[in-house]
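Student: Read off the chains here:
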Amino acid sequence: MDTTMKKLPPKPIEWKKRILHWAIAIITVFLIIWSCTGIDFGGIKETAGQIAGAIFTGIFNPDWSYIYNGTGEDLVSQLWETVCIAFLGTFISAIISLPFAFWAAHTKHKKWYLSRLGKIVLAVIRSFPEIVLALMFIKAVGPGSAAGVLALGFHSVGMLAKLFSEAIENLDDGPNEAVTAAGGSKMNIIMFSILPNLMPALISNTLYRFDVSIRSASILGLVGAGGIGYPLIIALQYRQWNRVGIILLGIIVMVIVIDAISGWIRKKLV
Amino acid sequence: MNSTDPEKLMTLPKKKFKFWNLIWVIIFIGGLFISTGVTKTSLGAFFSNFGQFADIFLQMLHPNWAYLGAVIPLLLETIKMAVLGTVIGSVLAFIYALLIARNIVKNKTVTGILRVIMNIIRTIPDLLLGAIFVAIVGIGPVAGILALAICTFGIVVKLFYEAIETIDPGPIEALTAVGANKLQIIVFAVLPQVITYFISYCLYAFEINVRASTVLGYIGAGGIGLYLQQTLQVFDYAKTGTIIIVIILVVVLIDYISSKSREALMN
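Sequences listed follow chains A and B, in order. Okay, so the first sequence: first residue is 13 according to our numbering, each after it adds one. Okay, so the second sequence: first residue is 8 according to our numbering, each after it adds one.
Do not rely on the hints blindly, as some may be mistaken.
Dumping the calculated PhoX-like pairs for lysine-lysine here, alpha-carbon to alpha-carbon at most 25 Å [stated by the list, open to error]:
1) B:165 - B:189
2) A:280 - B:165
3) B:165 - A:279
4) B:189 - B:115
5) B:25 - A:279
6) B:47 - A:151
7) A:198 - A:123
Have a look at the derived ranges for each label pair, beta carbon to beta carbon [unchecked claim]:
8) A:207 - B:76: 49 to 57 Å
9) B:188 - A:72: 36 to 44 Å
10) A:269 - B:106: 23 to 31 Å
11) B:243 - A:71: 38 to 46 Å
12) B:57 - A:280: 38 to 46 Å
13) B:188 - A:128: 47 to 55 Å
14) B:175 - A:194: 43 to 51 Å
15) B:267 - A:72: 41 to 49 Å
16) A:71 - B:106: 22 to 30 Å
Simulated from the structure, these hints should not be mistaken for lab results. Every residue gets a Cβ at the ideal spot worked out from N, C-alpha and C, and that includes glycine.
Can you make the complete structure from the sequences, with help from the hints?
Tutor: And the structure:
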């Protein structure tokens, strides 16, 4: 019996690929080492563990009198305000996004540079910091949740219009041609072919953006644009750690509930 | 009337009335009214004060280029924060995702509890994490890095564990059959199938981190946001404009590079 092991042939070596991979790996390692230079890691406060502990105790021993007391300054009213900011902001941005989406969708233009330009405009809107936008609106309409609504409404256009334009690009030409063949006008094409085909994607993308907006709306309060962020930053400044804990818990519950509801609606749609 | 009635042919067929659609529309319109009331938003106030808004915007469009020299060092710090946050977060996510993938860890209670923890971590927005870490560890880039690391963790761990769960079970069974231990199964059966996905998700998280890190400084968590806050506080919008233009350029550039390399990776 032949007991010698059969050896597998060595793997073929692709030098070009191997050199490329090593180059990328070395560059990445250098990037990480470079990132570690010049950052002062020693500045951590000694009380760090204590504070983190206090916030955690706040989560598990909530201050019940703060959750709801009917004054409008309590946790539930602030969370409700946050949800309203997100809702209205998403609605405004959905309306503004539609024309932008048709502008950025390349299937709607004969000239390629028009849609490219639209995409660049959307990228710039996306990259414009939301907080700065909120501060600009605070200058215009005063501090409060109205500024938050407007900031969210304009900022979300960058992402929502991009998703919409992708939905438009994915549309099938067939139904349009069918309507035209049956003697339909341009208006009929929009009414009976484009809108019904586009609607599920529009609603589902808007719902997705609503999930994101809820998170953004809870941030905007940090600069005074309404919502739950404001009491949070006040509690952090006054070192009321258990209040920080209960606000965090409130945000977590709110986000989970909203995600569940919008996920349920999206499932019903599709 | 019969079906060949020309009157009937001229009109469009009636759509079937859907009861639930009416309910949704009512809920939706009610929501609009309620939220307008709660937030006290009025477009009238916005348009009457539009001059002020436009004025700030125009001042930002005349950037102060002399300020660029001061901006660059903090910009580099911002990118460093994003890199470190991504690295720390994705290393944690790598280990955690292996622990919650049901085709690697068979114990449903363990994966279930770990998944609930993951979902809770994912809900907290980046800037709030930043604000909390500033309170915990003090003002500086360390707070920002920790906030970014947790955000990265939330993004990568979800995508990565879903990728792990969709792999081909064949190689795992083959390795189990020849008596390999858990570590060998992970290294030789699981990782070769998912490692490109993992790198792609890390790059995706890096894009998001670059975006997030630019404003973290606003609340004292390090990076270019610090100057954003300083210039906005003294109403020096020309300088704010410079910072914003730099931020947009860097973000768009990094987005472009990262999405191109992700495409190259997937092919």
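Student: Can you confirm whether the C-alpha distance between residue 47 of chain B and residue 151 of chain A stays at or below 25 Å?
Tutor: Roughly 16 Å between the alpha carbons, so the hint for residue 47 of chain B and residue 151 of chain A holds.
Student: Given the range 49 to 57 Å, decide if the beta-carbon distance of residue 207 of chain A to residue 76 of chain B lies inside it.
Tutor: holds, 53 Å
Student: Confirm or reject the claim that residue 175 of chain B and residue 194 of chain A have a C-beta distance inside 43 to 51 Å.
Tutor: holds, 48 Å
Student: Going straight from one Cα to the other, do residue 165 of chain B and residue 189 of chain B come out at no more than 25 Å?
Tutor: Holds. Residue 165 of chain B to residue 189 of chain B sits at ~22 Å (cutoff 25 Å).
Student: When you check the alpha-carbon spacing of residue 198 of chain A and residue 123 of chain A, does it fall within 25 Å?
Tutor: Distance ~20 Å between residue 198 of chain A and residue 123 of chain A Cα, so the pair holds.
Student: Taking only the CA atoms, is the gap from residue 189 of chain B to residue 115 of chain B under or equal to 25 Å?
Tutor: Roughly 17 Å between the alpha carbons, so the hint for residue 189 of chain B and residue 115 of chain B holds.
Student: In this structure, is the beta-carbon distance linking residue 71 of chain A and residue 106 of chain B contained in 22 to 30 Å?
Tutor: holds, 23 Å
Student: Does the alpha-carbon distance linking residue 280 of chain A and residue 165 of chain B stay inside the 25 Å limit?
Tutor: holds, 23 Å
Student: Is 38 to 46 Å right for how far apart the beta carbons of residue 243 of chain B and residue 71 of chain A are?
Tutor: holds, 40 Å
Student: So the hint says 23 to 31 Å: do the beta-carbon atoms of residue 269 of chain A and residue 106 of chain B match that?
Tutor: holds, 27 Å
Student: Has the hinted range 41 to 49 Å been met by the Cβ atoms of residue 267 of chain B and residue 72 of chain A?
Tutor: Holds - the Cβ-Cβ distance for residue 267 of chain B and residue 72 of chain A, about 47 Å, lies within 41 to 49 Å.
Student: That 36 to 44 Å hint for residue 188 of chain B and residue 72 of chain A (C-beta), does it hold up?
Tutor: Given range 36 to 44 Å: holds, Cβ gap about 39 Å.
Every hint, counting from the list given before, is met by this structure.
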